[in-house]
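Visitor: Starting from the known structure of chain A, arrange chain B on it as the hints suggest.
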Amino acid sequence: NAGVTQTPKFQVLKTGQSMTLQCAQDMNHNSMYWYRQDPGMGLRLIYYSASEGTTDKGEVPNGYNVSRLNKREFSLRLESAAPSQTSVYFCASRPGQGLNQPQHFGDGTRLSIL
Amino acid sequence: KQEVTQIPAALSVPEGENLVLNCSFTDSAIYNLQWFRQDPGKGLTSLLLIQSSQREQTSGRLNASLDKSSGRSTLYIAASQPGDSATYLCAVSDTGNQFYFGTGTSLTVIP
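Listed in order, the protein sequences are those of chains A and B.
For what it's worth, the numbering used here labels the leading residue of the first sequence as 1, then goes sequentially.
For what it's worth, the numbering used here labels the leading residue of the second sequence as 1001, then goes sequentially.
Chain B on its own, in the form it takes in the complex:
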């Protein structure tokens, strides 16, 4: 069974800092990997999806990388803002319909 781990569980940074969130998975036979954002009391919002054949995806200040062979993905957030404060989750898909989520990293950006 796929196991997804996110470290650290919580992170606090001053505004303007660049930061990296980590996601690791145990089975490299994945279909894709997604990064989500979850605000308190809300559902998940998809940020980036990386297909298994891709190495990275970018959207604005966000860049996600994927290293399937080592079972790792990183989410890089440039020039962090207080509005970036949220929980960030990663999820991997094996066949396209089974998704396995990490427990998330709670990010606080201090003004």
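Looking at chain A on its own, in the form it has when it is part of the complex:
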């Protein structure tokens, strides 16, 4: 039972390069989320997808784009990476919007931008 799988686990980029972080869940969940975790800041929501075919901005969406490819997959793209985007990125999923069900998290992607 894989749960939420994120790839890659680690990545180093140069400023200005682009990259897509991948996330897939096998729990048939409707809602998926992208967070970033920075020291002293806690987790902050970047984008979320309440259901297949919909995406919405979270607290810190600038510099990112997302695609809900299908019910299983939700990707996060950095078009022109900046050092301020150095962070640990987490993907999460839950059964559906408005339901009192916990989020399930992947193990994260550690991204460094030089």
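There may be inaccurate statements among the hints.
[What the hints assert, rightly or not] Here are the simulated lysine to aspartate or glutamate pairs, DMTMM-like style, with alpha carbons at most 25 Å apart:
1) A:K57 - A:E73
2) B:K1068 - A:E73
3) B:K1068 - B:E1056
4) A:K57 - B:D1094
5) A:K71 - A:D26
6) B:K1042 - A:E73
7) B:K1001 - A:E73
8) A:K57 - B:D1027
9) A:K14 - A:D26
10) A:K9 - B:D1039
11) B:K1001 - A:D38
12) A:K57 - B:E1003
13) B:K1001 - A:D56
14) B:K1001 - A:E59
15) A:K14 - A:E52
16) A:K9 - A:E59
17) A:K14 - A:D107
18) B:K1042 - A:D26
19) B:K1042 - A:D38
20) B:K1068 - A:D107
21) A:K14 - A:E79
22) B:K1068 - B:D1027
23) A:K9 - A:E73
24) A:K71 - A:D38
Calculated from the structure, these hints are not laboratory results.
Guide: Coordinates of chain B only, in the frame set by chain A:
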């Protein structure tokens, strides 16, 4: 905007001690509150979820309480063990899809 605070930032206790972790939030109009555990280099694992209409939830040695009117939640850990060492985070949800996290309390249980 919802602000979530966790105090203390770090806590060290001897094995066997009972302990309380604190979480406070600024806007009482929440949908639910969750407590998570995060081990180094890993993602978050959900421990307990309290709906806005509930006062507490229990799972094994863990008990979480919620006082919406005062904007507070506590996580009580009974008979702490070295395996409980981790960072504990709380998160509140306003509409069901916007989640606001605290910065966590790093717990070390000394054998």
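Visitor: Which earlier hints can't be squared with this structure?
Guide: Those not satisfied are hints 2, 7, 9, 15, 20 and 24.
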